[in-house]
Amino acid sequence: MDAESFTNLALRVLAREATDEERRALDAAMTSNLAYREEFSQLKIAHEVLRILAPMTEATQAREPELPAYRLNELRTAVRQHFGPANQRASTMNNHGLLTPALRWLLGGGVMTALAIVVVLMSFSDRMVEIGLYQTDTVRGGDTPFSSADVPAAHVVTFNQDAPFDQWKKTLGWNQHAKVWIDNENDLLHVVRRDKNGQIIEQTEPLAPTNREQREQISRAVESLQKK
Amino acid sequence: MWTDRELLTALRRGDDDAWEEAFRRLYPSAFAAARHPLAALTPSEAEDIAIEALTLLLPKVNQITELDELRPLVVTIASRKAISEKRRQLADKRGGGDVTSLDAMQDDETLRFEPAEQLASHLTGTDLRELSQLLDAALSHLEPRHAQLLRDFLVYHVSYKELAEKYRMPIGSIGVNLARSLDKVRAHLKTSPKLWKELIAYLR
Numbered sequence: 001m002d003a004e005s006f007t008n009l010a011l012r013v014l015a016r017e018a019t020d021e022e023r024r025a026l027d028a029a030m031t032s033n034l035a036y037r038e039e040f041s042q043l044k045i046a047h048e049v050l051r052i053l054a055p056m057t058e059a060t061q062a063r064e065p066e067l068p069a070y071r072l073n074e075l076r077t078a079v080r081q082h083f084g085p086a087n088q089r090a091s092t093m094n095n096h097g098l099l100t101p102a103l104r105w106l107l108g109g110g111v112m113t114a115l116a117i118v119v120v121l122m123s124f125s126d127r128m129v130e131i132g133l134y135q136t137d138t139v140r141g142g143d144t145p146f147s148s149a150d151v152p153a154a155h156v157v158t159f160n161q162d163a164p165f166d167q168w169k170k171t172l173g174w175n176q177h178a179k180v181w182i183d184n185e186n187d188l189l190h191v192v193r194r195d196k197n198g199q200i201i202e203q204t205e206p207l208a209p210t211n212r213e214q215r216e217q218i219s220r221a222v223e224s225l226q227k228k
Numbered sequence: 229m230w231t232d233r234e235l236l237t238a239l240r241r242g243d244d245d246a247w248e249e250a251f252r253r254l255y256p257s258a259f260a261a262a263r264h265p266l267a268a269l270t271p272s273e274a275e276d277i278a279i280e281a282l283t284l285l286l287p288k289v290n291q292i293t294e295l296d297e298l299r300p301l302v303v304t305i306a307s308r309k310a311i312s313e314k315r316r317q318l319a320d321k322r323g324g325g326d327v328t329s330l331d332a333m334q335d336d337e338t339l340r341f342e343p344a345e346q347l348a349s350h351l352t353g354t355d356l357r358e359l360s361q362l363l364d365a366a367l368s369h370l371e372p373r374h375a376q377l378l379r380d381f382l383v384y385h386v387s388y389k390e391l392a393e394k395y396r397m398p399i400g401s402i403g404v405n406l407a408r409s410l411d412k413v414r415a416h417l418k419t420s421p422k423l424w425k426e427l428i429a430y431l432r
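As given, the protein sequences belong to chains A and B, one line each in that order.
Sequential numbering of the first sequence, starting at 1, is according to my numbering.
Sequential numbering of the second sequence, starting at 229, is according to my numbering.
Incorrect hints may have been included.
[Said to hold, decoys possible] Residues of chain A clear of chain B, computed beta-carbon distances all greater than 10 angstroms:
1) Glu64
2) Val157
3) Pro164
[Said to hold, decoys possible] Derived DSS-like pairs (lysine-lysine); straight-line CA-CA distance at most 25 angstroms:
4) Lys228(A) <-> Lys288(B)
5) Lys389(B) <-> Lys44(A)
6) Lys288(B) <-> Lys44(A)
In short, the hints are calculated from the structure, not lab data.
C-beta atoms are modelled at their ideal positions from N, C-alpha and C, and glycine is treated no differently.
Make a model of the complete structure from these sequences and hints.
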């Protein structure tokens, strides 16, 4: 038996196409020639490998059939089960990779820092109301001098000169809540305060005619300011 | 339209649209692999296997570096599943007590699936890609008619009789043609000895 006839016969046996007579002929050939036995063994492996793998390599090139529409929900469910609900995925991941989570952390940190600063500033802020007066006003009319004892919740600041008093009137420090002063020239009580939004508001009201009434007026103003 | 890199990134974060796109792209390969001639499943059974193979890609997506790796991966999964399913079906039949004699046992179809299962389960996507390239190159060296004959025999497991009818050849010539072509392909595959040795090892 020549080599080509042997390969043909061996392949027929491997492909289960051989008759019983052909099987016997192959057995006889391999018995009389050991090289044929080895050749059969090699051919069997090649046949086996290619019969298993050739359909798989062909499958990698397949372009049809299309995915049946009625199986889509099943696949979507599998995706949800594996990755979790879509809204959770959206909240934890996004289209911009790591950039936006990083920004979110930074901004989140920024907001937290800002809040912390506000809390700290508020804790440092002075809720005390200052009352500004000329030194001479405290002895106005020969009455008992106006002092901190009249309005314990306030801090009385006295001035001897116009310039520092004017300067004091113009400023309300970041940690100051309010100022009150008496404008004797115009008989007005000035109230300057910072509102909830941080804006400075100045209001005036007619000054009470007597020292006693002025003390009461200032006390009421201070009480009112401390509530705001 | 997704680029491969965008699609892979979106798949990793579990984007629904990206997965739908991937499933659509990969289903034809998964279905073709599930219809492996050794398994000979019905179209309906193959469809079930293909869908299962696609879902099994979900946990694998973080293990790949290129989108291209998904296709050979789903093919190996679907082929293995299909062959296992066929083996299970036959084992169920055998469990009914149909097989009694030693000869019948030796000729048992289920035994034929063991090397196929073994090989399919060990094969990586890279192996399959390399093998696919090798096989294409080997077949391209044959005359187109002979290449198609061998392809029908190996890929679709067409019988000698059907091949003789399709190619209008005497049945005796079919074997000779196949033997010559197979020898040439075998010689070409051996040009990648590492892969060839691995394949043989899985079959032993």
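We went through each hint and held it up to the structure:
no. : hint                    : in the structure
1   : Glu64                   : 5 angstroms, violated
2   : Val157                  : 63 angstroms, holds
3   : Pro164                  : 66 angstroms, holds
4   : Lys228(A) <-> Lys288(B) : 63 angstroms, violated
5   : Lys389(B) <-> Lys44(A)  : 21 angstroms, holds
6   : Lys288(B) <-> Lys44(A)  : 34 angstroms, violated
Of the numbered hints given earlier, the model fails hints 1, 4 and 6; all others are met.
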